Each structure stands twice: as structure tokens, then as C-alpha cells.
Amino acid sequence: MEGWPEGQRPVLIGSEIYRHSSYGPKHPLAIPRVSATLDLIRALGWLPEGAYRDSPRATPEQLARFHDPAYVAALQRAEATQRADPADRERFHIGAHGNPVYREVF
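In my numbering, the protein residues as written are 2 to 107.
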């Protein structure tokens, strides 16, 4: 990529996991925006060779470095049971406010 200092070239970080997620019918990403955008970027040649980095799936421990560990645990419970218990729903808005529970929520 020309015009960028070495070590400062922009990269696009993503994963094919987003292409295959169902998200559930009420999730804002149920419309395949991410995959359609990536396909368009590639089709138009806007993504130079070497500018894409695949993002590995984060572990619960990695997520807990940024998120409250109780939130990570609540997402795991919601995915396992396909529902958010009232306390988790109230505290973390899981299953509410455009944040539905679906089979791949965690």
C-alpha cells in the first residue's frame, strides 16, 4: 500500500464467522451487512493484498480483560439455556433492547 509509512498501513480485521452466524430474527445484524460489505470491498479491489487479518475467536479469559467477567458468564448461560434469567436481563440487557438471545450469542 503506497502512501502509508511502514508499520502504519491500515488493515481490515474480520472473520468468516460473521458470515455464518444466524444472529436470530430480531438481531440488528440479521441482515447480512458485514458479509455483503466485505464482498463488495473485495469485488471493487479496495482491499490490497495483505491488508486483511483474520481475527481468531476470543476466549472467555480474553473477553474478561475488557468485559466484566459476570457479563461474559451471563452470555455463556444465555447461550446454553437460550434465555436470559431476570437478573442477567436487568443487569446486562441480554434478551432486551435489541440484544436478543440466539444460538451463537456467545
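I should point out that these hints are in silico values taken from the structure, not numbers from a laboratory. Every value quoted in this text rests on a predicted model; they were computed, and no experiment measured them. Among the hints, erroneous ones may be present.
Claimed, not checked - Now the in silico label distances, taken between C-beta atoms and shown as ranges:
1) Asp86 with Asp40: 33 to 41 Å
2) Val12 with Arg58: 14 to 22 Å
3) Glu7 with Asp69: 33 to 41 Å
4) Ala97 with Ala44: 34 to 42 Å
5) Ala71 with Ile42: 30 to 38 Å
The C-beta atom is built at its ideal place from N, Cα and C for all residues, glycine as well.
The hints, checked one at a time:
no.: 1; hint: Asp86 with Asp40: 33 to 41 Å; result: holds (38 Å)
no.: 2; hint: Val12 with Arg58: 14 to 22 Å; result: holds (18 Å)
no.: 3; hint: Glu7 with Asp69: 33 to 41 Å; result: holds (38 Å)
no.: 4; hint: Ala97 with Ala44: 34 to 42 Å; result: holds (37 Å)
no.: 5; hint: Ala71 with Ile42: 30 to 38 Å; result: holds (37 Å)
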